[in-house]
Amino acid sequence: MNVQTSAGDFEELDSVVVRFAGDSGDGMQLTGTQFSVVTALEGSDLSTFPDFPAEIRAPVGTTFGVSAFQINFGSVEVSTAGDEPDVLVAMNPAALKVSLSGLRKGGLIIVDEGAFNKRNLDKAGYETNPLEDNSLSDYQVQKLDITKMTLESVKEFGLGNKDAIRSKNMWTLGLILWMFDRPRKPITDWLEQKFAKIPDVAKANIAAVNAGHAYGETAEVSSNLRQYHIGKHEEEPGEYRTVNGNQALAWGLVAGSQLGDIPLMLGSYPITPASTLLHTLAGLKEFNVMTFQAEDEIAAICGAIGASFAGHLGITSSSGPGVALKTEAIGLAISTELPVVILDIQRAGPSTGLPTKTEQSDLYQAVCGRNGDAPVVVLATSNPEDCFNVGIEAVRLATKYMTPVIVLSDGYIGNASEPWKIPDINKLDKFTVNFHTDPEGFHPFKRNPKTLARVWAKPGTPGTLHRIGGIEKSYDSGHISYDPANHQKMTDIRAEKILNIANDIPEQSVSLGNAGGKLAVVGWGSTRGAIHQAVKRARGEGIDVSHVHIGNIWPLPRNLGDLLKSFDKVIVAEMNKGQMNNLLRAQYLLDAYSLTKVSGQPFKISEILDCIRDQAGENK
Amino acid sequence: MNEQVDIKKRTFKDFETDQEVRWCPGCGDYAILKAVQMTLANIGATPENTVFISGIGCSSRFPYYVETYGFHTIHGRAPAVATGVKLANPDLDVWLVTGDGDGLSIGGNHMLHVLRRNVNMQIMLFNNEIYGLTKGQYSPTSKPGTKSPSTPLGSVDLPLNPCSFALGAGARFVARGIDTALKALPQTLARAKDHQGASFVEIYQNCIVFNDKTFEHFTNKKEAANTQIHVEHGKPLVYGKENNLGLRFNVEKFTLEKVVIGEDGVTEEDVLVHDETNKMLAQLLVEMAAPEFPVACGVIYCVPEESYDVAVHNQMEAAKKAKKADFNALIRSGRTWTVE
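Those protein sequences? They're chains H and A, same order as listed. Under our numbering, the first sequence has 119 at position 119, and the numbering climbs by one with no breaks. Under our numbering, the second sequence has 286 at position 286, and the numbering climbs by one with no breaks.
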């Protein structure tokens with residue numbers, strides 16, 4: 001929280017990080033999401049981080065049942081959910097316990113005092129009440145009996161005790177809206193719409209919002225509560241909304257389908273954190289998007305491949321463990337040279353790992369993880385906005401080159417919301433998807449000499465009857481071939497086709513700093529925001545450091561090797577044990593410093609900044 | 001180029017490809033291939049609208065030999081690929097070729113679901129009770145005690161009955177045929193094609209190399225009349241060289257029993273009439289095993305229900321009618337704000 005000036009009753013801030021933490025059933029995700037929307041509508045830049053347990057309803061009051069939502073917003077450019085919360089809202093002792101270590105020293109803690117009873121303290125593992133034992137002396141603590149005040153505010157609506165207590169997240173939201181000078185109307189409008197069929201619940205929740213707000217307004221000067229003002233962030237003119245990564249990725253695929261005039265068929269199987277892709281696309285039938293909830297991950301991709309064979313673009317969405325199951329089918333699509341888009345919303349692994357926590361550890365799986373020499377295109381998303389563009393690019397490349405395209409996103413991007421300048425589809429570049437219909441000299445592995453893509457002739461077309469499969473095919477006829485020289489040729493051409501795509505993607509640019517110099521931080525995926533901020537601050541300290549963000553994972557951009565060698569030193573920062581670092585080392589003999597993190601939490605800006613200072617020799 | 005309409009009726013030869021057929025000499029697959037090509041000619045199939053999809057195994061080489069579209073996929077997954085094909089283009093006539101290992105072992109789950117969903121296609125499961133392409137290991141349909149490279153002392157696990165599995169999975173069409181029955185099999189396959197939904201046809205297929213004569217006790221032509229019963233809807237369940245054997249329902253034991261018409265006071269009236277819409281009867285018929293009972297062939301069960309692909313397309317069409325596809329409006333739905 002950087003205080004700029006003091007203006008009247010308000011303190012003026014350029015950015016602030018708020019963390020809402022409570023029990024899984026306390027509605028913290030909803031509170032956070034709604035606060036984000038209001039914040040966005042008020043013109044702040046923002047980034048969010050929903051951090052929730054894998055259990056739907058873990059036992060009440062336990063530390064592993066804590067669900068949190070963090071938002072960083074400001075009048076300045078915001079590109080991460082923030083290293084350290086300035087304000088922590090803790091709805092019970094467990095929430096306080098889990099979130100305290102991340103809180104900025106001197107930060108404000110707002111707690112629901114009413115939830116700090118013996119039972120909840122025991123469940124959270126507190127021997128003494130932290131509100132009374134002086135252990136929070138490094139922070140400002142505001143104790144409020146939110147439960148009690150919520151019950152009073154909704155009394156007149158005659159709800160049962162359980163329903164009434166549910167409104168305490170709205171009371172809290174009301175208080176936070178007051179605190180940051182945000183309007184209540186978008187929230188009350190939303191509540192009226194959401195509970196249109198149960199008006200008493202709508203009224204009770206609105207009353208709770210108003211009561212929380214009123215509490216702030218009448219708070220005594222001696223309390224730790226005061227109002228802050230965060231100005232508007234200067235954005236390019238245009239129409240904006242908030243969007244999360246999975247939503248933007250689904251829309252990007254549909255945009256690609258519209259731009260290339262190719263119908264989509266998504267085969268999918270529910271898995272965290274990818275399921276919302278299936279949910280979103282299942283609701284877009286009017287765009288000629290078909291969805292198939294298959295019996296398992298394998299059937300999901302096989303259905304997609306079948307659809308591609310028949311002339312749709314098959315897509316499958318999953319996370320690491322599911323993509324592992326799809327491996328053999330991806331090989332089939334490589335061998336038969338059929339387009340298919342595989343969306344891997346990464347989570348912490350191996351095996352089941354940490355389903356709701358983020359990681360970037362599927363890079364090897366995407367680039368290398370198949371039997372045989374089996375190259376595919378791999379693209380990575382870096383933030384919600386980028387998801388939209390990557391979705392379009394995946395459709396374009398898959399259909400143009402008749403190849404599987406793996407999109408690596410992750411749980412952090414998938415769930416995080418950011419403001420997005422809404423594009424106009426009529427202004428995006430169209431592309432043509434060609435179906436082969438000419439029987440003259442036809443065989444199914446006839447190639448476009450430029451792209452090396454094979455022809456796509458769909459069943460139902462007279463004169464182009466053919467049989468394809470996973471057995472090696474003759475380069476000259478498409479028939480089964482066990483000829484050794486032919487297999488060499490086909491393997492070479494499959495690799496060449498993919499590597500050639502480097503000529504059809506942008507050259508690697510430097511996203512911040514110079515092309516060449518003392519130090520570069522290389523990243524990919526969702527670490528983009530944290531690296532960007534760290535590099536920006538380091539440059540502010542006078543360190544010669546640049547940021548290189550890689551979006552095309554395979555093939556890599558054609559100038560990447562030269563670009564990286566123009567720096568004296570390179571740091572590769574990623575949320576795995578060094579997979580991109582190894583890939584770059586293998587490709588370019590690059591001797592980089594590998595900065596890694598696999599705690600299920602995104603990088604903090606400070607962690608990267610520390611590493612930059614170290615590598616630049618600035619840390620004493 | 002003007003397209004010539006082929007008014008000449010196609011023969012089975014029109015469905016042969018230029019590829020050399022590479023099954024072992026004497027393999028039952030040759031006869032099935034012929035029966036399928038005959039069926040395609042008989043039903044007036046158009047090659048460009050017909051797709052053969054297979055998994056992995058001896059039977060799964062089938063698509064290479066039929067002059068239509070074809071997709072030789074991966075082990076066990078053909079039902080899922082075929083579902084995708086059918087969803088993308090329900091106008092295509094899809095034929096699935098699989099075996100006892102491909103369809104019931106590695107692909108058992110997909111078989112279950114393609115039947116349960118009732119995706120409109122013909123599923124031909126070539127049952128030879130052995131793994132042929134991997135050189136003779138026992139399969140999930142092998143008889144207990146089958147000696148094979150992986151079970152040198154004989155297999156000890158219990159086999160499953162493919163038609164019983166299909167009925168249990170909710171198949172709406174279950175039939176059975178024999179590889180060499182060149183007259184009966186095309187008729188059964190034509191019925192399968194007529195049925196709108198997933199049609200499951202188990203075909204007993206002799207593996208001459210690894211499991212020769214495993215069905216000999218009921219396929220031997222000399223004895224076939226007494227060891228097989230060809231069921232037909234509405235006709236009495238009568239069989240035998242002299243047409244004097246029949247099946248009667250034993251009410252007390254809730255089972256079928258074999259009777260001789262003219263003996264012990266049994267008349268034709270006592271013999272059950274085949275009702276292909278009766279699932280209970282179907283279950284009893286598919287479980288009959290030789291030599292105690294005749295092996296039931298033909299269409300055993302057929303109760304049509306709207307197929308999955310049709311239902312999905314109906315939903316798509318309804319959704320398209322109800323909502324205009326306006327992408328710019330979609331991404332502007334919900335709350336937006338404008339920066340001047």
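These aren't lab readings, by the way, just hints derived from the structure by calculation. Any given hint could be a false lead.
[Said to hold, decoys possible] Beta-carbon label-pair distances, calculated as ranges:
| id | chain 1 | residue 1 | chain 2 | residue 2 | range |
| --- | --- | --- | --- | --- | --- |
| 1 | H | P270 | A | V310 | 32 to 42 Å |
| 2 | A | I43 | H | F435 | 24 to 34 Å |
| 3 | A | L160 | H | K421 | 51 to 61 Å |
| 4 | H | K577 | A | E216 | 55 to 65 Å |
| 5 | H | N500 | A | D18 | 24 to 34 Å |
| 6 | H | E440 | A | G234 | 50 to 60 Å |
| 7 | A | G170 | H | S606 | 35 to 45 Å |
| 8 | A | G334 | H | E55 | 49 to 59 Å |
| 9 | H | E77 | A | E305 | 56 to 66 Å |
| 10 | H | E440 | A | A329 | 37 to 47 Å |
| 11 | H | E607 | A | E305 | 51 to 61 Å |
| 12 | H | N500 | A | R335 | 22 to 32 Å |
| 13 | A | A329 | H | D504 | 44 to 54 Å |
[Unchecked claim] In silico lysine to aspartate or glutamate, EDC-like type, Cα no more than 16 Å apart, as pairs:
| id | chain 1 | residue 1 | chain 2 | residue 2 |
| --- | --- | --- | --- | --- |
| 14 | H | K285 | A | D326 |
| 15 | H | K427 | A | E317 |
| 16 | H | K458 | A | E67 |
| 17 | A | K321 | H | E236 |
| 18 | H | K285 | A | D275 |
| 19 | H | K421 | H | E236 |
| 20 | A | K320 | H | E286 |
| 21 | A | K324 | H | E236 |
| 22 | H | K458 | A | E317 |
Keep in mind that this is a model prediction, so the values were computed, not measured. Just so you know, even glycine gets a beta-carbon here, dropped at the ideal spot from N, CA and C.
Hint check results:
no., hint, verdict
1, H:P270 / A:V310: 32 to 42 Å, "violated, 25 Å"
2, A:I43 / H:F435: 24 to 34 Å, "holds, 27 Å"
3, A:L160 / H:K421: 51 to 61 Å, "holds, 58 Å"
4, H:K577 / A:E216: 55 to 65 Å, "holds, 60 Å"
5, H:N500 / A:D18: 24 to 34 Å, "holds, 33 Å"
6, H:E440 / A:G234: 50 to 60 Å, "holds, 52 Å"
7, A:G170 / H:S606: 35 to 45 Å, "violated, 58 Å"
8, A:G334 / H:E55: 49 to 59 Å, "violated, 29 Å"
9, H:E77 / A:E305: 56 to 66 Å, "holds, 58 Å"
10, H:E440 / A:A329: 37 to 47 Å, "holds, 44 Å"
11, H:E607 / A:E305: 51 to 61 Å, "holds, 59 Å"
12, H:N500 / A:R335: 22 to 32 Å, "violated, 44 Å"
13, A:A329 / H:D504: 44 to 54 Å, "violated, 32 Å"
14, H:K285 / A:D326, "holds, 12 Å"
15, H:K427 / A:E317, "violated, 28 Å"
16, H:K458 / A:E67, "holds, 15 Å"
17, A:K321 / H:E236, "violated, 37 Å"
18, H:K285 / A:D275, "violated, 41 Å"
19, H:K421 / H:E236, "holds, 8 Å"
20, A:K320 / H:E286, "holds, 4 Å"
21, A:K324 / H:E236, "violated, 30 Å"
22, H:K458 / A:E317, "violated, 22 Å"
Violated hints, in rising order: 1, 7, 8, 12, 13, 15, 17, 18, 21, 22; the structure is consistent with all others.
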